[in-house]
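Make one complex out of these two single chains by using the hints.
Same order as they appear, the protein sequences are chains A and B. Mapping to the working numbering: the first sequence position 52 is 52, numbers consecutive. If you count the second sequence from 1, you need to add 1000 to reach the working numbering.
Treat the hints with care, since some could be wrong.
Distance ranges between label pairs, derived from CB positions [said to hold, decoys possible]:
1) A:94 to B:1302: 50 to 56 angstroms
2) A:101 to B:1157: 48 to 54 angstroms
3) A:94 to B:1099: 34 to 40 angstroms
Because the hints were derived from the structure by calculation, they are not lab data. The structure presented is a predicted model; accordingly, all values stated were derived computationally and were not measured. By construction, the Cβ of each residue, glycine as well, lies at the ideal position given by its N, Cα and C atoms.
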Amino acid sequence: MLYETPRFRFSGDRGLLIEYGEGVDLSVNEKVHRMTALLQRALPDGVEAVIPGYCSMCILYDPCRTGPAALERHVLGLENAQDRREAAPARTVRIPVCYGGEFGPDIGFVAAGHGLSEEEVILLHTERSYPIYAIGFAPGFCYLGGLDERLHTPRLETPRTRVPAGSIGIADDQTGAYALETPGGWRIIGRTPLRLFVPERPDPFLYRAGDRIRFSPISQEKFDAIAVGDQA
Amino acid sequence: MTTVFAVIAPGPLTTVQDAGRGRFLHMGVPLSGALDPFACRVANRLVGNSDEAAVLEMTFAGPHLRVLDEVDLAVTGADMVWSVNGVSAPCWRTVRVGRGDVVRVGQARSGCRGYLAVTGGVDVPVVLGSRSTCLSGRLGGIEGRPLRKGDRIARGAGELLKRARRLPDPPVYGRTVRLRAVPGPQDECFQGSLNLFFEAVFQVTPRSDRMGCRLNGPVVQREEGAPQGIVSEPSLPGNVQVPPDGRPIVLLVEQTMGGYTKIATVISPDLSRIAQARPGDTVRFDRVTIEEAHAVCREAARRLAGIDALLALPVSCLERLGLPF
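So here's chain B without its partners, still in its complex pose (with noise of 0.2 angstroms):
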């Protein structure tokens, strides 16, 4: 273990986390974790880590770092501008830092959530089997909390690439989120807005968080005699929640059970598009059957193993097979 950065500003919110925390989900311990799963993937993939390994999950803007011992660095997801010594430096690529250099992470230019990963992994007790920070439960990551100014940050073993990777064809997050659900688990108490839901367009609330992206738009409107909830039942991440107010909730990962009623669930391989959705976003959902979604999940894991491909090559070898950048 390799004490590698001193927090000099923590930037609005920046969390440890990593694929999640699945054992406990039955003793009332929500999943937690990155809430863009393939940002972090291909961060971990960049610096040379397995799946498991730990990044800093930055909100908005990341955080001002003062590096302490030589490492690899990817920044992945939200577009952050971000820089060592004052020179600006890639997102989706990775860059070698040393011992006195100052790594500034700044605004996201699009999306919302960035991560940070560094080789190794961002080193902190594993806890119930993870350590991503929980926040409602103050559990994980750093005591529970986001990073503070003054914390030090350690990395797991790890050897520093021989040469720097990128990705050739990062995504690119618009204005406008497009996601695909599968309608249920109490779509029967929306059986005559169901149309009007796919067809609505949502826009996101400041009033987000890591349990749930709060959205706008036309009261959903539930069928007469539905019951406004239901005894509470496991809740995961995609669930799309309509509160009595008729104002649809996207949960997240902070959240393992509720009683309220779900009208459609948003698929996981789209999780990722409602991670990176700021506020003012423009949200519409797609319906589509449960073949269709598993269907999407297959193509997304074919999609990954190909991108595993291509960040095992060096960034001269992309530039020989002429890929985009």
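With the rest of the complex left out, here is chain A (with noise of 0.2 angstroms):
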């Protein structure tokens, strides 16, 4: 649910929490993704970084510089402007993925557990795109909203102490990616053969917050020659 105006709470002495409504909710985040793109394309003076959550979005900032008086009347003065501003249309990222074998060693768990064939889950997993609520816990790790509920499966009852970059994984009602090697606890379908994450890039990661990601299925043959491909 979105609030009316946001409520603005410290986070100790240099980061200022903006929260935007309460719970998991596309409105709610979609709007926390709009606020946050608009600071960032112009950081006021003192502000060291912009942080967006699913709900929330905390402005880290200097002491000596600013102070939270001053952002939260810059904060609410974007609030006002946006309505006459046409928000960035958020970007599909399309990501092949291998889908169960070694690269998706879960699959059969989430099948099994619905009454699905592999195919099934495979269908229904690339059927929609998913935009992405947050990104956090690991470096590039993205949270996906949107699951189809014959897709609903609970974490490991034990997590993984090393899940493979590029795994993608489902937990509860989430879809998401690891775009670094991790320990984690998701239910692992598949995996891309994409660089998710390569810190000699300019833009390192290949999707940010706000953005939609839709999955499509591709074979070992085509994953090995994506592989090879992005890595030269």
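Structure follows, in structure tokens:
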């Protein structure tokens, strides 16, 4: 639920949290990303970073150069101005995925839990695009909303110590992608050959919060071909 | 770029750190960087580096290094016993070492984290705008990991000092740490226990790392009906999160989002103090308003500027001024 006016909270002496609403809610989340983009376009003096969450964002500032009162005024000013601006259209980033087998060790569990075949799981997972609610937990890890109810699956009882980079997982009503090899407790159903995170690129990540992601199924041969091409 | 050290022994946990990686917080990339920004900055200034230069952060004890090229060193932070070719050397001042010397940084007598700065800064590739090591993401530093035996360490460009430098009045670390903290951002979940939190005595547990400092002590109760968690929101160093078990964790530099409620936040000038706390040390929180916190920040900035002026003076000049050592 979207608040009529945003609520401001102190996260210590350098952080101003701005809440736009409650819960995991697409309209609240879209508002968060719209405001984050507006702020990032022209960072106010003394602001070091703007970090979006699900229903709030945090402005990290230098208290020797600015303060919460000035930042509050700035944010409310953007709020009033933004009706007149056209919001930047969300990008849809296409991510090819090789499902099942060694790349998706949990696809059988997801399928069995819902009386589906693996092909049906793949179909349900690829037939829609997902908004990126937030990025966090690990560098580039994206939390995607809007997963088909027939695919909702609980996390692993014991998280894996290593989930390979590019893995695509499901946890409850969310799906997401691991940009880096990290520990993780999501059910892994496939892997993309794309490098989601390349530190040397000027834009090191393939997507940002607020974008949409659409997965498309590919074969093992295609996976290998793209993987070779993407490393080059 | 010159290779200056070969690592004979790495120490328990030695990583390359700098002032932190702030540019990709929105992409889930942790801030990282030195846990004690004050000691890190002074170490750099002592050897004539800028604030962006990288240093070695040493935990409990430091590495043994073979020196491959003449260079200036400074060890700051925790009071670590260190020596050059077996001759003990002082902390918080510069020491010139030469090719073939062996530097051994031993146990900390007080404090937890020491910083070793070298002329020109530790030279590792810049990853996402910083040289600091993020252990959880295996990014930055030397292959995203702590130092290992056999590693070779290079330095960036920088002139050796004409005269030695020292900090006249270095901090002293006791076994009791007082941290000023602003309530929130979810203090309403703990209204009834907020006073208790600010009166309580906590202990640092051994289960503390660069992600967070975990505390033992009285269980911090949440209000009847208050949620166990929140929808994940951005978190910052200093946030004191209280998981459902009621044991507070002071978040440090390797976390960007979290779903636990936060009773209070340690003010940024006091983060250096929690960085120097050792397992078993006592921690108390002192409540301050946001206005008081900002006044402390401005005062800390003024003190740093004063320290910069002192560091620019050679030791002989400090001695003539009769400043305390």
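Return the numbers of the hints above that this structure violates; sort them in rising order. 3
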